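With chain A's structure known, arrange chains B, C and D on it following the hints.
Here are the chains, one letter per residue:
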Amino acid sequence: MKRTEPTERDTGGIGRRRLLSAIGGSAVAAALAGCSTLLSDGGGQQSDDGGDSGGSIPEEPIQAGLLTFTKGAPGVLGIQAQRGAELAVQRINEAGGIGGQRRIELDVVDEGSNPLDSYNQFIEEGKEVTFGPISSGTHSQIAPEVEKNEVVNVGTDGTVTTLYEETVPDPTYSFRFQNYDIMEVVTMAREAVERIGADNISTVAGVNPGYSFGEDEMRVFTQAITKLTGAEVVYEGFPELGASDMSNHITSINSEQPDVTFSSLWGGDVTTFVRQASANDMFDSTTVFGTTLYSAAGDVPADALAGTDIYSGSRNYYWGHPALGNWQPGRELFDAATAQDGVTVPTAHYMSGYGAVTAWATAVEKAIDLLGTYPSQDQIAQMLEGHGFFTPAGYHNMAEDHQGSSNSFAGAMVYDDDLGAARLDDVNIYSAAETAPPPGVAGSAWLDSWSG
Amino acid sequence: MPERVETDGETRYRFLGVEATRREAVALALGVVALFAVPDVTRLSDSLQLGVIHQGLLFGFAAVGLNLLLRHTKLTSFGHAAFFGTGAYATAVLAKYAGLQSVGLLLLGAIAAATVMAALIGALSLRHTGLYFALLTLAFGQLLYAIALGQSALGGSDGMPIRPGPANQPLLLGTTFEPAVYQILTYYLTVAVILVGLFVMYRITQSPFRNALDAIGQERTRARFIGLPVRRYVWAAFVISGVYGGVAGGLYAVVRQYVRPEGTLFFLRSGDILFMAILGGFRTLVGPLIGGVVLIFLQDVGQDVTQYYEFLTGVVLLVLVYGFPRGIVGSFRSGGVVSERLGQLRREPSAVADWARSAVRTTERKAVESLSSLRIILFGVD
Amino acid sequence: MLEARNLRKSFGELVATDDVSLEFGREDGELVFIVGPNGAGKTTFVNLLTGFLSPDEGSIVLDGDDITAMSANERVDAGIARSFQVVKVFEEMTVRENLRTVVLTERGKTWSLFSMADGHDDVERTVDDLLSKFRLDDAADTVAEELPHGDRKLLDVAMSFGLDPDYLLLDEPTSGVSTREKEYVIETVVEVGREAGVTTVTIEHDMDIVTEYADRVVALHQGAVHGVGPPTMLETDDELRRLLLGVGE
Amino acid sequence: MAGTLETALVQTLNGVQFGFILFMIASGLTVILGILDVLNLAHGELFSIGAYAGIGVFGFVIGVVGPPSGVLGGVVFVLAVLVSVLLTAALLLPVGTAFEALFLRAIYDRDQVYQLVLTFALLLILLDVKKFVWGNTSLRTDAVYSAINSIPTSELVGLNYPTYNVFVILVGVAVVAGLFWFFDRTKTGRIVRATAIDREMATAIGVSTDRVFTLVFALGAFLAGFAGAMAVPPTAATLGMGTNPLVLSFVVIVIGGLGSLRGAFVGALLVGVIRSWMITLYPPGEIAAPFAIMALILLVKPEGLFGTWGETA
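Residue numbers (the working numbering), protein chains in the order written: chain A, 436 to 887; chain B, 73 to 454; chain C, -3 to 245; chain D, 1336 to 1648.
The following block holds chain A by itself, in its conformation from the complex (with noise of 0.2 Å):
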């Protein structure tokens, strides 16, 4: 059964004024929204020059870092990553830059080895904010390193749920702008219930990465579809990253006939798992809910997706909704986005980059019009702290503990034909209140609270 409409405050019915008005009214914040419609005809926005606002703004390029895959199996995600970020610093730039005047220069390190000795070079090279990473792993190594060297880093990435619970507690220059782990994961389980009823999902199985990521996310999602169903978990499956084989994980799957299968795979594992699985035709008896299978829109192949039955999250955008035809910032994003090498479809981990460089960039602009001056790193770090801001996906807040939190989209996995890659059907939202705790309360802690 279908969601209820979108409610008003997703952008899909918000009027071009208020619209202006909400997102700091700089040229920057506008480019940044996709709003470039509203800077072109010349709505009375404010005159933006910088020059007259009194303060001393620096001329020379604001130097920003952005620590990412370009290569190897986390390319796919990795790349997607990049070129969202790129796109935002073009749009800044071409806006006139930050406070009409600082262009911003971005430097791109692959987060594959030695990530800290990168990240160190970044701040030794006197970068003024960094942006990433992609793995959990790292970002836990480089969180507290960030709170040292107290320059700003908003993270694209890195979602594990214990960030900013245990590896640093109380973050003053540490910030995330993706949808972490909980948020992906309770918007499956929710998305579970939607599409096949609490009461009809008795037993529940999970096949995830070998490594961190998927064994906290299939942790979260057995806490979470537990509450919700009070289903049993009957398999988990850890194939190992990059694995050829997944046949003894379908297997078990088909001979426990689980009504959900959840999954984390990303990348390249989610073909071989999808392609293996139809093979057992393992899609007869159970179906499929993942938090990243979307990722690999650009990837999956057509023969892959043929007859199976899988409904994928996409963290906090996803391209085709509200519909291209009357959504003129997602238009121009997606074409944007797709003309750029790497990249078939903008998937969520396009967006985390774009988004990540949109948080930072509307944050400082609207330090400048507050305090008419650049702002130095710690104000920054508070302006951040609540900060509201648009992009072609939505509206997003970083809330008070330093995680963005913003809508989640979900829906069924097709493969689409003349886009050359798979698209997400019948897309539901679920708005941050419904899948992320409240600041301060751990995720586990926030699944036990649910009644059953």
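Calculated directly from the structure, the hints in this document are not laboratory data. Keep in mind it's a predicted model, so treat the numbers as computed, not measured. Any given hint could turn out to be false.
[To be verified] DSS-like mimics (lysine-lysine), calculated; alpha carbons at most 30 Å apart, straight line: (1) C:Lys178 x C:Lys105; (2) C:Lys84 x C:Lys105; (3) B:Lys146 x D:Lys1466; (4) C:Lys129 x C:Lys105; (5) D:Lys1522 x B:Lys438; (6) A:Lys583 x B:Lys168; (7) C:Lys84 x C:Lys178; (8) A:Lys506 x D:Lys1466; (9) D:Lys1636 x C:Lys84; (10) C:Lys105 x B:Lys146; (11) D:Lys1466 x B:Lys438; (12) C:Lys84 x B:Lys146; (13) C:Lys84 x C:Lys129.
[Said to hold, decoys possible] Estimated spans, in silico, between C-beta atoms of each pair: (14) B:Tyr169 x D:Asp1477: 40 to 46 Å; (15) A:Asp719 x D:Arg1445: 55 to 61 Å; (16) A:Gly807 x B:Ala170: 50 to 56 Å; (17) C:Phe110 x A:Glu559: 53 to 59 Å; (18) C:Phe110 x B:Arg419: 52 to 58 Å; (19) D:Glu1341 x A:Thr607: 54 to 60 Å; (20) B:Tyr169 x A:Ala880: 20 to 26 Å; (21) D:Gly1541 x C:Ala65: 54 to 60 Å; (22) B:Glu420 x A:Glu495: 56 to 62 Å; (23) C:Asp125 x B:Thr83: 27 to 33 Å; (24) B:Thr378 x A:Gly665: 25 to 31 Å; (25) B:Val188 x C:Glu191: 26 to 32 Å; (26) B:Phe108 x A:Thr607: 50 to 56 Å; (27) B:Thr83 x C:Ser174: 47 to 53 Å.
Here a beta-carbon is modelled for each residue, glycine too, at the ideal position from N, C-alpha and C.
Coordinates of chains B, C and D only, in the frame set by chain A:
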């Protein structure tokens, strides 16, 4: 002060039992000065990273330990990351679960853990030699890697931080420091440990124990028949080399304050440790240390130079195997190919021409050979 | 005294040592030669005595204690040393280092990690003594690999002597050595053996050497003892002569 | 709820299929190790090149033949796949020859550690050659896997088991038979075995050991390429795919006994089936399973199951 000693017509200097010719003494002094100057030198240009050189020295130190096995007992250990990783993870576990903060205690823990692990793996592998020994040590290394990856208590693939106590940092002499200062102080701690480690290894190579290991390495049957309980000696050498790996791993954890299975236990790290010993010159004492710095530097700087940095490292290793089999240090020492070629050049500079000619001739001959083999293979062996 | 009691050893169906009982060293310093055609089980017998192989049946007794289960290196401590038919020396060490390693091991000094290998004066003196006894002085600093065959053989035997053994088992010490050097090798062995009172058991094919130097001769055939006696036995025992020399009717 | 018996049977078949893939990979390594006494660390990369090249060859050959339709179409399609796999493997012959003749031959007399350094250098070089030729992203064969699966085999027996796995098992059996036939029955095979047993004797009877060594290394590379092409359809060719099979091949050849082909076959099936059961019973043990098996067997039988010669002290 060093006393002069005349032995068989060559003036040698003896200081604290370390005997060296004049050239070796000068080289040694230069080396120690270089070690201490690294932090300032790396401030000059940012292509020279203190962190990278420091990591090279740490892995190089593990290679010095491995070299005791490789050079004397001629046993190729392809699982030395097992001890490096054990040292690193022991430090992380002590910091996280036991709340140990002082660097000294953490390192002692690393040494103890590595000793126990080396004793265990040693006891199980010392019946083997040659490729069996290499593959078995590799298997044990990968077993530890799989366990670290699988255990959430050890942080799984995300690894573990080393941030004990309120200061979120191991204590050096009881106090905490700014990150930059901490990095330099831990560097000097590493230099101190390296100098002590090299001195101890030097004394071992001058001791009767070294003769026993050489005997076992060169003719194992005869070693049994001159009364050596071969397995106990190999086991002892294995433990000593494991301790060097454990200290290096412990220091690595203290310096980087984070350990992951990929960076400390994976078999490619064991490969690195083995190949840096050979790159530096495994017939020498200091070779593996220099090999460590060069290999890690190559892998790190290589990435900034080109995306094909693996190819670059591969070619360097090829040049090593064919051009400088004695490794960097070995080639410069007398009898090494570099010192001989330099001698040739000094005598008659035109030598370069015929080197080139001979090089061209050999590659030509090789190409013809392989083409004829290919032709015969495709159309049947005559 | 070193005794073999009803030793038996076979490799599959091949019986290499067939119920052999012998004793050596009744008088100290005796020189026994083991003779027999190829495949008579001479080397296997020496391998059993020295612990290179363990017997299927029977036992080895040294001065009354049963040492059948004793490992090779423990037998060396007990005073049994051997050399090898195919020379086994430490190839990359010099002659002096080879001998120094042997003497250091014999004196139990190889467990020390911090003393200087060449710092033990008593060891150096013994090494110099061995070098002169086995006329290896001028070859002292050449690497074993580069030694001429005769010197390699001498080094191999010298290393066994370096263990200061009570019993020395030599496996064809003169094989592959030029006739001129043969005399030189066997003379050194006999002379040093007599002087040190070491009971020496040597496998030998050259009958002239056997007849000239042997106190006693043991003849083995198809793994069994064919006969034990003085060297004159070689002339009187026609059966033995036929076996060894293929002479007679 | 599918019958637990059927599940156990399918899981075992999964293990057998994985075991055959493992054998195909390890066979090349064993042949080179057994005869040349060389541990070829670059073997995983040769396997990976077989996978990448296989994708190209499949694309071309399958493009010509078209998808299977009906029984005859099915047979033609399977033959086309086999031809593609053999073609891919043949591409590796010159690579193997060049390696042996240009690089390995010069250092046979040096101690073994230099061979490890050399083959590791070749591993690194091949890694970047792949990156240069095929780029960073992973490649897939379209339709080979699903096309073969559309041919009904296991369904006839009422078993839910992909036809491609059956195809792998049958080809695996053929490879085993082929190798044993080659080494026992053919003239070249016997020459190669003679050289392995005693090089001096072989040269004495007029065998050019140089040429035999080149042939053996080329055969090893051929088998690696063959395994790569067979293994790629169900999954994808990625830059890093060579490392895991290399390490698993070590486990197989040590369990089987260094250099023994029969040992590698038994070792591969053993690892495949035990790993499969381990994953079913205790999933987190998947990564550690092969190494635990290897360490266990080496402690019980130091020279491996069929160790032709034990290098034990």
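Outcome of the hint check:
1. At roughly 34 Å between alpha-carbon atoms, Lys178 of chain C and Lys105 of chain C are farther apart than 30 Å, so this suggested pair is violated.
2. Restraint check for Lys84 of chain C and Lys105 of chain C: the C-alpha separation of about 22 Å stays at or below 30 Å, so the hint holds.
3. For the given pair, Lys146 of chain B sits about 36 Å from Lys1466 of chain D by alpha-carbon distance, which is inconsistent with the 30 Å threshold.
4. For the proposed pair Lys129 of chain C and Lys105 of chain C, the alpha carbon gap of about 23 Å is at most 30 Å, so the pair holds.
5. For a cut-off of 30 Å, the pair hint linking Lys1522 of chain D to Lys438 of chain B stands: about 27 Å separates their Cα positions.
6. Between the alpha carbons of Lys583 of chain A and Lys168 of chain B the distance comes to roughly 19 Å, so the proposed pair stays at or under 30 Å and holds.
7. Distance restraint check for Lys84 of chain C and Lys178 of chain C: the Cα-Cα separation of roughly 19 Å lies within the 30 Å cut-off, and the hinted pair is therefore satisfied.
8. Between Lys506 of chain A and Lys1466 of chain D the alpha-carbon distance is near 10 Å, which keeps this suggested pair within the 30 Å criterion.
9. Of the supplied pair hints, the one linking Lys1636 of chain D and Lys84 of chain C holds, its CA atoms being roughly 28 Å apart against a limit of 30 Å.
10. A C-alpha spacing of about 22 Å is found between Lys105 of chain C and Lys146 of chain B, which places the hinted pair at or below 30 Å, so the restraint holds.
11. Taking the CA atoms of Lys1466 of chain D and Lys438 of chain B, the gap is about 27 Å. The hint holds against a cut of 30 Å.
12. Proximity of Lys84 of chain C to Lys146 of chain B is assessed by CA-CA distance (about 17 Å); at most 30 Å being required, the pair is judged to hold.
13. Distance restraint check for Lys84 of chain C and Lys129 of chain C: the Cα-Cα separation of roughly 20 Å lies within the 30 Å cut-off, and the hinted pair is therefore satisfied.
14. Checked against the hint of 40 to 46 Å, the C-beta distance between Tyr169 of chain B and Asp1477 of chain D comes to roughly 51 Å, which is inconsistent with it.
15. A beta carbon spacing of about 59 Å between Asp719 of chain A and Arg1445 of chain D agrees with the range 55 to 61 Å that was offered as a hint.
16. Taken as a hint, the range 50 to 56 Å holds for the pair Gly807 of chain A and Ala170 of chain B, whose Cβ atoms sit roughly 52 Å apart.
17. As the Cβ distance of Phe110 of chain C to Glu559 of chain A is approximately 43 Å, the hint placing it in 53 to 59 Å is violated.
18. A C-beta distance of roughly 43 Å is found between Phe110 of chain C and Arg419 of chain B, which places it outside the suggested range of 52 to 58 Å.
19. For Glu1341 of chain D and Thr607 of chain A, the hinted distance range of 54 to 60 Å is satisfied, since their beta carbons lie about 58 Å from each other.
20. Between Tyr169 of chain B and Ala880 of chain A, the C-beta spacing of about 23 Å keeps the proposed range 20 to 26 Å intact.
21. In this structure the hint that Gly1541 of chain D and Ala65 of chain C lie 54 to 60 Å apart at CB is violated, the actual value being about 49 Å.
22. Hint check: Glu420 of chain B to Glu495 of chain A, Cβ distance near 58 Å, so the stated range 56 to 62 Å holds.
23. Taking the beta carbon of each, Asp125 of chain C and Thr83 of chain B are about 30 Å apart, inside 27 to 33 Å as hinted.
24. The supplied range of 25 to 31 Å is broken by Thr378 of chain B and Gly665 of chain A, whose beta-carbon atoms lie about 57 Å from each other.
25. Here the CB-CB span from Val188 of chain B to Glu191 of chain C is close to 51 Å, at odds with the stated 26 to 32 Å.
26. At about 36 Å, the beta-carbon gap between Phe108 of chain B and Thr607 of chain A misses the expected band of 50 to 56 Å.
27. Separation of Thr83 of chain B from Ser174 of chain C is about 42 Å and departs from the stated range, judged on CB atoms against 47 to 53 Å.
Taken one by one, the earlier hints fail for this structure at numbers 1, 3, 14, 17, 18, 21, 24, 25, 26 and 27, listed in ascending order.
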